[in-house]
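Asker: Relying on the hints, combine the two individually framed chains into one complex.
Read off the chains here:
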Amino acid sequence: MSNRRNKLNWLNVYAVVYMVFLYAPVVLLPIFAFNSSTIIAFPLSGFTTEWFGVLWTTEALHNAVRNSMLVSVSTAIISTVLGLFAARAVARYTFPFQRGIMGLVMLPLVLPEIIIAVSLLIVLIQLGLSLSLWTVVLGHVLICTPFSIAVLSSAFRGLDPSMEEASFDLGETHWGTFRRVTFPLVMPGVISSLLITFTISLDEFIIAFFLTGTDVTLPVYIWSQLRFPAKLPSIMALGTILLALTVVLLILAEFFRRRSATRRGLDASTTEGLI
Amino acid sequence: MLDTEKPHARTIIDLDGVTKSFGSVQALKGITATIREGEFFSLLGPSGCGKTTLLRMIAGFEDPTTGTITIDDKPMAGIAANHRPTNMVFQSYAIFPHLSVADNVGYGLKKRRLPKADYKREVEQALAMVDLGGYGPRAAHTLSGGQRQRVALARALIMKPKVVLLDEPLSALDKKLRDQMQLELRQLQRSVGITFILVTHDQEEALIMSDRIAVMFDGQIEQLATPEELYRRPVNQRVASFIGVMNFLGAQATGSTDTHVSLDVQALGKIDIPHSGLPKGMKPEDIHRVGVRPEMMTILIDGAPSAERIVEGEVTETSYYGDMTYYSVRLNGLETPVTISMRNTAGRAVLRPGETARVGFATDSIIVFR
Numbered sequence: 001m002s003n004r005r006n007k008l009n010w011l012n013v014y015a016v017v018y019m020v021f022l023y024a025p026v027v028l029l030p031i032f033a034f035n036s037s038t039i040i041a042f043p044l045s046g047f048t049t050e051w052f053g054v055l056w057t058t059e060a061l062h063n064a065v066r067n068s069m070l071v072s073v074s075t076a077i078i079s080t081v082l083g084l085f086a087a088r089a090v091a092r093y094t095f096p097f098q099r100g101i102m103g104l105v106m107l108p109l110v111l112p113e114i115i116i117a118v119s120l121l122i123v124l125i126q127l128g129l130s131l132s133l134w135t136v137v138l139g140h141v142l143i144c145t146p147f148s149i150a151v152l153s154s155a156f157r158g159l160d161p162s163m164e165e166a167s168f169d170l171g172e173t174h175w176g177t178f179r180r181v182t183f184p185l186v187m188p189g190v191i192s193s194l195l196i197t198f199t200i201s202l203d204e205f206i207i208a209f210f211l212t213g214t215d216v217t218l219p220v221y222i223w224s225q226l227r228f229p230a231k232l233p234s235i236m237a238l239g240t241i242l243l244a245l246t247v248v249l250l251i252l253a254e255f256f257r258r259r260s261a262t263r264r265g266l267d268a269s270t271t272e273g274l275i
Numbered sequence: 001m002l003d004t005e006k007p008h009a010r011t012i013i014d015l016d017g018v019t020k021s022f023g024s025v026q027a028l029k030g031i032t033a034t035i036r037e038g039e040f041f042s043l044l045g046p047s048g049c050g051k052t053t054l055l056r057m058i059a060g061f062e063d064p065t066t067g068t069i070t071i072d073d074k075p076m077a078g079i080a081a082n083h084r085p086t087n088m089v090f091q092s093y094a095i096f097p098h099l100s101v102a103d104n105v106g107y108g109l110k111k112r113r114l115p116k117a118d119y120k121r122e123v124e125q126a127l128a129m130v131d132l133g134g135y136g137p138r139a140a141h142t143l144s145g146g147q148r149q150r151v152a153l154a155r156a157l158i159m160k161p162k163v164v165l166l167d168e169p170l171s172a173l174d175k176k177l178r179d180q181m182q183l184e185l186r187q188l189q190r191s192v193g194i195t196f197i198l199v200t201h202d203q204e205e206a207l208i209m210s211d212r213i214a215v216m217f218d219g220q221i222e223q224l225a226t227p228e229e230l231y232r233r234p235v236n237q238r239v240a241s242f243i244g245v246m247n248f249l250g251a252q253a254t255g256s257t258d259t260h261v262s263l264d265v266q267a268l269g270k271i272d273i274p275h276s277g278l279p280k281g282m283k284p285e286d287i288h289r290v291g292v293r294p295e296m297m298t299i300l301i302d303g304a305p306s307a308e309r310i311v312e313g314e315v316t317e318t319s320y321y322g323d324m325t326y327y328s329v330r331l332n333g334l335e336t337p338v339t340i341s342m343r344n345t346a347g348r349a350v351l352r353p354g355e356t357a358r359v360g361f362a363t364d365s366i367i368v369f370r
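So the sequence lines, in the order shown, correspond to chains A and B. Following full-length UniProt numbering, the numbering of the first sequence begins with 1 at its first residue and continues without gaps. Following full-length UniProt numbering, the numbering of the second sequence begins with 1 at its first residue and continues without gaps.
Since the hints were derived computationally from the structure, they do not count as laboratory data. Keep in mind the model is a prediction, meaning the values are calculated, not measured. We put the CB at the ideal spot given by N, CA and C, even for glycine. Take the hints with a grain of salt, since some may be wrong.
[Unchecked claim] Between beta-carbon pairs, the in silico distance windows are: (1) A:Ile77 / B:Arg112: 33 to 39 Å; (2) B:Ala80 / A:Ile77: 52 to 58 Å; (3) A:Ile77 / B:Thr11: 50 to 56 Å; (4) A:Thr173 / B:Thr336: 36 to 42 Å; (5) A:Phe97 / B:Pro137: 36 to 42 Å; (6) A:Val73 / B:Thr11: 55 to 61 Å; (7) A:Leu250 / B:Ala80: 54 to 60 Å.
[Said to hold, decoys possible] Partial list, derived from the structure: chain B residues whose beta carbon lies under 10 Å from chain A: (8) Thr32; (9) Thr34; (10) Ala59; (11) Ala80; (12) Asn82; (13) Met88; (14) Phe96; (15) Leu109; (16) Leu114; (17) Pro115; (18) Lys116; (19) Tyr119; (20) Arg155.
[What the hints assert, rightly or not] A few chain A residues that don't get close to chain B, going by computed Cβ distances all over 10 Å: (21) Asn9; (22) Gly53; (23) Leu107; (24) Arg180; (25) Leu250.
Chain B with its partners taken away, still in its complex shape (with noise of 0.2 Å):
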């Protein structure tokens, strides 16, 4: 794994070989991976990937059918959710509606009995880490959505556990609120050192804010990265289709060197791929496809031949979004279109369907696939 941030952290959680089957369906097919102390992990996936599945069994409210998960160097089977070392935030929040905020936050600290004072303090402490400072004395059923997710984490982060679980949190918020919550999370995450796992299937998301992501399809993980690695070399079609938007053209080797694999690609001709651009184990006459990030072309618009390779096309369909445009370029000897991402930066001309276009791009920005 290229991923080289925080290698000094010890293990926090452990899964090996982790499977869950719901009769005959198996909803997870050997789940192995290691989270770090006080990293921000997510699982992303499409809906019925296995994600919520696999923080419900570290939660401990499923348990595995085979394999082992491991929490803070102790072994978890047999140990209900009231005595895991996590606390969740559900999806809906579960905020107990016949409580005040206080109470709310509180909850699981009445169990500990402390002194009345030192109760006090540590609720108004966790309300103030959320900034609902004041609230305590409210209706739970008065606060809006944003307060509520609040609440919800305060009331996590009380209980001062080795993992807080985080189950798509920010859905339920309007686009608005949810980027700000995404910020505030992070930041809060960062703060308090706790190792954060966050399900989504919203993978701005999870690249906003995460250290680390598990991508996972149908019951499996299929690339664990950071998201600069996600984004930038995805290890086939399938996380690179899921992760952003990413163009496949058809693709063949035609030569290998010492240094270079040399390919003839759809539309764009002939390009030579390091070969370190290759992903482990894949030999060149594996490569059927390349990629190419919308923003890794360029419409050349004012004619000077800048980039390092020119294509011409035909725009046949152009979304302006007011910082940017998406083109939609059909490239000569090319059926369908590419999709082609600019910045609309002072001066530039938006171009516009049946106009033709000069695309420019570099070669290192080629993705192969298998």
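Next comes chain A alone, as it looks inside the complex (with noise of 0.2 Å):
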């Protein structure tokens, strides 16, 4: 009984120690944004919000900012369509070569970015394009599209298929059916989708670092600033805003999933959600 007892105890402290370790240094982002010294280092020197002023007046910041928006709103929109048609098709449809097709489309979730990020860099080049924020939306939606996927199939998956028949049944078109009764059901699948392939393109490295021309993304900007010690607790201080940005997002997105499950009838703690 007290061994018992005792290997859980053990198993708790791992636990406990194991998530501080993870996230111990998501803690001192904001810590060290707000320490008045340039040098990253304990005991903090005093309060500021100078690094924050920084940032308003930094104008590269400001175009990489407005460069990932863009690039992270475009291949969160098309990979989400794109998403939304594979798993309805594969919810409702089954055609030849089915899972060789979708088992092709899924790939990109476990090949290595870095190789997908030169392959698509040499193709590019081979075919005499230029590299452009929109080559960049190009690889993002690649390796984003299987999350939206895999988010929207659990959506449909829930979705009665008499559903669509009724209101088909009703003298409703195909298309109006979707309209009128699919996306709304799906709805909540479709903000996850959103979210999830945003944060993946916003925070992406490799794929934006190769496959951009002159204009950087964020995560670029942010590892070219990192030479520079002085630009530091500005580094720290977006970090900063980064992270509150997410989990706001977050919080409203799964504010979104519970009020449509409640709609729906569901309860909402029993229901997948992204959190």
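Answerer: And the structure:
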């Protein structure tokens, strides 16, 4: 009996230590963002918001943010639309070579990004296309679509097939059925997909680094700034803003998912969600 | 066919040699039948008999492999579900959970672009028809199972279809509610006068609700008749044992006169059956079995020989249901016991296993089979 309790205690200790080890660096980010010293080390020297002010006046950063927003929003929309079609096809129809085709579509999930980046770079150069933010979008759509399909497939699996049939039976067209029934019912999945693909694209570095031309995305910009020690605190401030933004986005997404689950008469806490 | 109910009614659906194959599996093996305008028609059979496939083909969700389906004098080949004069009540009801009750009911009507006032009035009328007046603004997911079913019905009826198709609509409800909905559905069908086609595996439900029933096995219609005819004159053993309970006894024809066929029946002895009691096309030498319903036999308790014929046996089991008692009785000269049901009228004693029972029956309650 006491032996068993001991074992459990050690497991708890291990879990807590593991969590601290994983998340402590994230907590350091906001701490040093408000620290007045340019050296990232304890003890803290004083409180300041100066580094946030620096961000406000750095033109190159603003460009990087704009570029990243363009890439991430485009990627999120394109890969979610593609994921929507693919997930519905897989959920509703059987077609020749279904498994093979789906395997190929989902492959980027397990393929090393460096390989995707290098091979895409070679192909694009061979085709004579110039590198730009749109080639980054292309690469990001490739790696984001499998995530979108995975999220939306579970949304379609939870959808009673007779919902679509009922709409069609009541005189609605296929497109009207999609617009009035299918899309609203998989909406939580769509929001989840948009959010996940947006986040993946926003912090993706390797593909963005290889495939971009003169315009850099935010992660590439941050990487380029790490060479200058004086810029480190403002990078910390930037990281803090991104962290806060991500948390807000996740809370928002979960809020929407729960509300829609309640509207569908499901118990929000027992249904599959992002969190 | 002996059926004479509404012979004047015109045909609303004509099924002509309809077959359906899924790969190498033949789900329907040639269905030919006519469904009349305004009747309550049931497709009854065990699961996997093809009844739901047939319903889905009438709705337009599946195409027949061969054969034609004609609805309201129009051949349906190439016409999709959204252009057919049929509307369906799904087994899961398929109520749109993101819409209000009123928006669910008015879903199909929206496409017709009625003036707003007309639309509202029609939705209210449809809701009132299914006793859900005032439920319009509610969210669909707050409804109970029975209410969902009513919404599904209202949503179909508001389209004023020629035919309403019901796919096991009562199977998700509990027994009490199901009994109540059976009667309500029947009354509703009578009052709107629209043809209803019901798919069910519940023989009792089919008997209670239908004008006519098609009993299906293995992708074929075995018998199409009124509930009474199905129960009293099943065409074969399979139909007989699917509809209610039937005791089967071995039998053999021993002779035939101008008016009667003489049978030698296991345990019951010599019985004369008029020629009219034989199904069409059956010769006396084809008879190998007879059937007797449990309620067609009586256990004579008080000893008065009030039945046409009497045989004796031993009670092997007694099942007391309150209003009825079901006995298993091993008749003299028979291995397997027969089932006999008795109404528990005032003062009637209930026999215990082991007691001797005197069983009375009338020869005209005997049904012959191949």
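Asker: Please go over all the hints and tell whether each is borne out by the structure.
Answerer: Going through the hints against the structure:
1. Separated by about 34 Å at the C-beta atoms, Ile77 (chain A) and Arg112 (chain B) satisfy the suggested range of 33 to 39 Å.
2. For Ala80 (chain B) and Ile77 (chain A), the Cβ-Cβ distance of about 31 Å falls outside the hinted range of 52 to 58 Å, so the restraint is violated.
3. Look at Ile77 (chain A) against Thr11 (chain B): about 53 Å separates their beta carbons, and that is inside 50 to 56 Å.
4. One distance hint, 36 to 42 Å for the beta-carbon pair Thr173 (chain A) and Thr336 (chain B), is violated here, with the actual separation near 59 Å.
5. In this structure the hint that Phe97 (chain A) and Pro137 (chain B) lie 36 to 42 Å apart at CB is violated, the actual value being about 49 Å.
6. Range check, Val73 (chain A) to Thr11 (chain B): about 59 Å between beta-carbon atoms, so the 55 to 61 Å window is met.
7. Taking 54 to 60 Å as the suggested C-beta distance range, the pair Leu250 (chain A) and Ala80 (chain B) does not conform, at roughly 43 Å.
8. At a threshold of 10 Å, the smallest CB-CB gap from Thr32 (chain B) to chain A is about 25 Å, leaving the interface hint violated.
9. Here the hint on Thr34 (chain B) is broken, as its CB sits about 23 Å from the closest CB of chain A, past 10 Å.
10. For the restraint placing Ala59 (chain B) at the interface with chain A, the shortest Cβ-Cβ distance is roughly 6 Å, inside the 10 Å limit, so the hint holds.
11. Using the Cβ-Cβ criterion of 10 Å, the hint placing Ala80 (chain B) at the interface with chain A is satisfied: the shortest such distance is roughly 8 Å.
12. With 10 Å as the threshold, the beta carbon of Asn82 (chain B) comes within range of chain A, its nearest partner Cβ sitting at about 5 Å, so the hint holds.
13. Satisfaction of the interface hint for Met88 (chain B) is found here, the shortest Cβ-Cβ separation to chain A being roughly 5 Å, below the 10 Å cut-off.
14. Interface hint status for Phe96 (chain B): upheld, as the beta-carbon distance to the closest one in chain A is roughly 6 Å, under 10 Å.
15. Of the supplied interface hints, the one on Leu109 (chain B) holds, with its beta-carbon coming within about 9 Å of a beta-carbon of chain A, less than 10 Å.
16. Given hint, Leu114 (chain B) at the interface with chain A, is violated; its Cβ is 13 Å from that chain's nearest Cβ, farther than 10 Å.
17. At its closest, the beta carbon of Pro115 (chain B) sits 18 Å from a beta carbon of chain A; the interface hint therefore is violated under the 10 Å criterion.
18. Taking 10 Å as the C-beta cut-off, the interface hint given for Lys116 (chain B) is violated, the closest approach to chain A being about 18 Å.
19. A distance limit of 10 Å between C-beta atoms decides the matter here; for Tyr119 (chain B) the minimum to chain A is near 14 Å, and the interface restraint is violated.
20. A cut of 10 Å between beta carbons decides the hint on Arg155 (chain B): the least distance to chain A is about 7 Å, and the hint holds.
21. Annotated as non-interface, Asn9 (chain A) keeps its C-beta farther than 10 Å from every C-beta of chain B; the closest such distance is 45 Å.
22. Residue-level check passed: Gly53 (chain A) sits 46 Å from the nearest beta carbon of chain B, beyond 10 Å.
23. Here Leu107 (chain A) stays apart from chain B, with its beta-carbon at least about 30 Å from theirs, past the 10 Å limit.
24. Distance to chain B contradicts Arg180 (chain A) as a non-interface residue, since its nearest Cβ pair spans about 8 Å, not more than 10 Å.
25. Annotated as non-interface, Leu250 (chain A) keeps its C-beta farther than 10 Å from every C-beta of chain B; the closest such distance is 24 Å.
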